[in-house]
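Undergrad: Below, each chain spelled out in residue letters.
Protein chains: 2
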Amino acid sequence: MTQPVRIAVLGETADFERRVAASPETVKKFIGLGAAVAVESGAGLASGIADADYAAAGAEVGPRAAVLAGAGIVLGVQAPEPATLAGAAPGARVVAMHAPAANPERAKAYAAAGYEALAMELMPRITRAQSMDVLSSQSNLAGYKAVLDAAAEYNRAFPMMMTAAGTVSAAKVFIMGVGVAGLQAIATARRLGAQVSATDVRSATKEQILSLGAKPIFVEAVKGIEGEGSGGYATEMSDEYKAAQAELVSSHIAKQDIVITTALIPGRAAPRLVSDAQIATMRPGSVLVDLAVEAGGNVEGAVAGEIVVKHGVKIVGHRNVPSRLAADSSLLYARNLFNFLSAFWDKDTKAPVLPDDDEIVKGVRLTQGGKAVHPVLGGA
Amino acid sequence: MTQPVRIAVLGETADFERRVAASPETVKKFIGLGAAVAVESGAGLASGIADADYAAAGAEVGPRAAVLAGAGIVLGVQAPEPATLAGAAPGARVVAMHAPAANPERAKAYAAAGYEALAMELMPRITRAQSMDVLSSQSNLAGYKAVLDAAAEYNRAFPMMMTAAGTVSAAKVFIMGVGVAGLQAIATARRLGAQVSATDVRSATKEQILSLGAKPIFVEAVKGIEGEGSGGYATEMSDEYKAAQAELVSSHIAKQDIVITTALIPGRAAPRLVSDAQIATMRPGSVLVDLAVEAGGNVEGAVAGEIVVKHGVKIVGHRNVPSRLAADSSLLYARNLFNFLSAFWDKDTKAPVLPDDDEIVKGVRLTQGGKAVHPVLGGA
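Residue numbers (the numbering used here), protein chains in the order written: chain A, 1 to 380; chain B, 1 to 380.
Check each hint, because a few of them may be wrong.
All copies of an identical chain are treated as equivalent in the list; a pair is satisfied when it fits inside any one copy or across any two copies.
27 angstroms max Cα-Cα, derived DSS-like pairs, lysine-lysine [to be verified]:
{"hint": "1", "residue 1": "K314", "residue 2": "K362"}
{"hint": "2", "residue 1": "K255", "residue 2": "K29"}
{"hint": "3", "residue 1": "K28", "residue 2": "K255"}
{"hint": "4", "residue 1": "K310", "residue 2": "K206"}
{"hint": "5", "residue 1": "K172", "residue 2": "K28"}
{"hint": "6", "residue 1": "K314", "residue 2": "K172"}
{"hint": "7", "residue 1": "K362", "residue 2": "K255"}
{"hint": "8", "residue 1": "K371", "residue 2": "K350"}
{"hint": "9", "residue 1": "K108", "residue 2": "K347"}
{"hint": "10", "residue 1": "K206", "residue 2": "K172"}
{"hint": "11", "residue 1": "K371", "residue 2": "K215"}
{"hint": "12", "residue 1": "K172", "residue 2": "K350"}
{"hint": "13", "residue 1": "K206", "residue 2": "K371"}
{"hint": "14", "residue 1": "K310", "residue 2": "K362"}
{"hint": "15", "residue 1": "K371", "residue 2": "K255"}
Hint data in this document are derived by calculation from the structure and do not stem from the laboratory.
My request is simple: use the sequences and hints to build the entire structure.
TA: Below, the structure is given as structure tokens:
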């Protein structure tokens, strides 16, 4: 009889991180596959999950050292420092967001320690991997929360209200960047009754914007629009088009009450979408929410972890927005991890088998056998 | 030619008060009626109205003493202390929320000073006065904001979301007290995609709850339900009914994620709707919002101005909730005041005439000719 693989779920240690990498639901499912699961005491508290909930699902709950002892798989949200994993089995797999572009040294330390680092945020965007895609699951919730964060800071109501004392007009909300977060932001602002518009560098998003009942803001009469390039990225546009589009967006921003920016490019600095000069054209009391603030910011003057007032306009720069909805974001993140590992589960050995030539494995595997193996680390 | 009546708009001095009693719109309209309007510098700032906006509407803007000099009408949100009104015309009318039940001494000081205090929150709830009803206009916005305040503190999303990583279930929101605030809370929670239920001591609210797409929580099979009494207040119910209803509500609360209480009785302490024992039955991470916290609270343990955690449940007790949406609440409050004064405007004297025998005047007039004249003050 095979010894079941031991899965360790660690408490997060990064600032502002309230999520957890497993839920009672995924604990139960891993045990159903034949694994043993151990959860660090208090790991779920900030997500509303008590130790007793994990224990009821069948997990062993205890201090970090006991949880790690002999673990063949370690689950985390933000990757732990490899030096803190003492006791884990040799070659243990560490499934987490490793942020290798921002932390190449940590990733190399994983190689040196002999662990197999699996970076969930590098999951290829292919159909088979959709249910494992942590960037999508977390961005979706961030898009929702961005709208609520805007509404919390806004001095007026979002919906039009017809009252005995007269009408209150609907808030004008503009979403810049129509990926997963932007689409959910459009949907949420529409739910709340706002008048919503949106734009993106990919003109192919126009139909998605329309399908959610919002108004696309794109220059119509200028040549040089190329549409969506390969992999969903924008192709080159003519200078004439770029200038006309920038002017259109500028004049549009001046009329908005709320602007939410969502443009993130994995592993790169966020593009600048709103300048200080544009903020100065907005009505005092307006609100900007910058979902890319931790990646350098889409909005000039945005500060991570702060609400800054410029020209009478509030610039909201909350850190780690998915973590602000930790109960739901943990639930989905935990499912992403389960979906990934269970897709490769071997019934006989009761452990995942990750083939070297699998597109998903190649996408997420950073280190293996003492070496950095991913191109992002200069590996093979 | 008649000297135009001078209307003074004061900056508010009470803690947590961000509203203002006039807007550029109402300033313009008062001037259109032949009045002169003077606004204290900075009065509108917290509502997003600059001094220049008032000036552009035709108001004189200056320090308090200059604004008050010779004013026949003083507009406020929360009534100022009469001692701070030096310079106003003898017998000047002070139109504001006077809270005479909580501040009988201040109201009497108004009489002693010879001012005519007009208490807007005592506006009779009759059709003709709907557009002057400050309690309605402000409660409506409070009901909206209560839902957003709940969503801000809640660790999950409100709408059901179907994602590649699985479904996130809709939040269960229960509204207790279905007046103006409760109705808007139902509508807002529904907009956000929550699963909404509501109850009230008046069983006649059942149809309103249904018409907004929410589920009414009322005992069906017990005798002794009397329905709505005169003036919208509840009539006596049988003890059997009361016990059954209390039990139903208790078991319902235990299953909710969000409970919003809105039961205010003007001039009296708020009724207790949720006990500590009931809070203990709720799932940790749930959120209670108590809109009556400043009147003693509907929720046991609620503290004005604080977010308290009991049994893992957050009890949100924000002060002065309409003031948290000051731009819109000021706009509507200002219109209420204009609608009141303009309804009694005399074209010849270019000033309001308030007849002693008018139902509205009798409802709101606290003091006149050096005397307390309202029953709430022991007057005639």
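Undergrad: Each hint needs a verdict: does it hold in this structure or not?
TA: So, going through the hints one by one against the coordinates:
Taking the shortest alpha-carbon separations for K314 and K362, neither the intra-copy value of 43 angstroms nor the inter-copy value of 44 angstroms comes in at or below 27 angstroms. With identical chains, the CA atoms of K255 and K29 are at most 27 angstroms apart between copies only, with a shortest distance of 26 angstroms across copies and 50 angstroms within one. For the homomeric pair K28 and K255, the shortest alpha-carbon distance between copies (24 angstroms) is at most 27 angstroms, but the shortest distance inside one copy (51 angstroms) is not. Taking identical chains as interchangeable, the C-alpha atoms of K310 and K206 are never at most 27 angstroms apart, the minima being 31 angstroms within one chain and 47 angstroms between chains.
Proximity of K172 and K28 under a CA criterion of 27 angstroms is satisfied inter-copy only: 25 angstroms between copies versus 45 angstroms inside one chain copy. Proximity of K314 to K172 under the C-alpha cut-off of 27 angstroms is restricted to the intra-copy arrangement: shortest distance 15 angstroms within a copy versus 31 angstroms between copies. Taking the closest pair of Cα atoms, K362 and K255 never come within 27 angstroms of each other, the shortest separation being 46 angstroms inside a single copy and 45 angstroms across copies. In the homo-oligomer, the alpha carbons of K371 and K350 lie at most 27 angstroms apart inside one protomer (26 angstroms), although the nearest pairing across protomers, at 88 angstroms, exceeds that limit.
With identical chains, the CA atoms of K108 and K347 are never at most 27 angstroms apart, being 32 angstroms at best within one copy and 84 angstroms at best between copies. Taking identical chains as interchangeable, the C-alpha atoms of K206 and K172 lie at most 27 angstroms apart only when both belong to the same chain, with a minimum of 18 angstroms there against 34 angstroms between chains. Taking the closest pair of Cα atoms, K371 and K215 never come within 27 angstroms of each other, the shortest separation being 50 angstroms inside a single copy and 60 angstroms across copies. For the homomeric pair K172 and K350, neither the shortest alpha-carbon distance inside one copy (54 angstroms) nor that between copies (39 angstroms) is at most 27 angstroms.
Neither within a single protomer nor between protomers do K206 and K371 lie at most 27 angstroms apart by alpha-carbon distance, with minima of 44 angstroms and 68 angstroms respectively. For a Cα distance limit of 27 angstroms, the shortest separation of K310 from K362 qualifies neither inside one copy, at 45 angstroms, nor across copies, at 48 angstroms. Taking identical chains as interchangeable, the C-alpha atoms of K371 and K255 are never at most 27 angstroms apart, the minima being 54 angstroms within one chain and 51 angstroms between chains.
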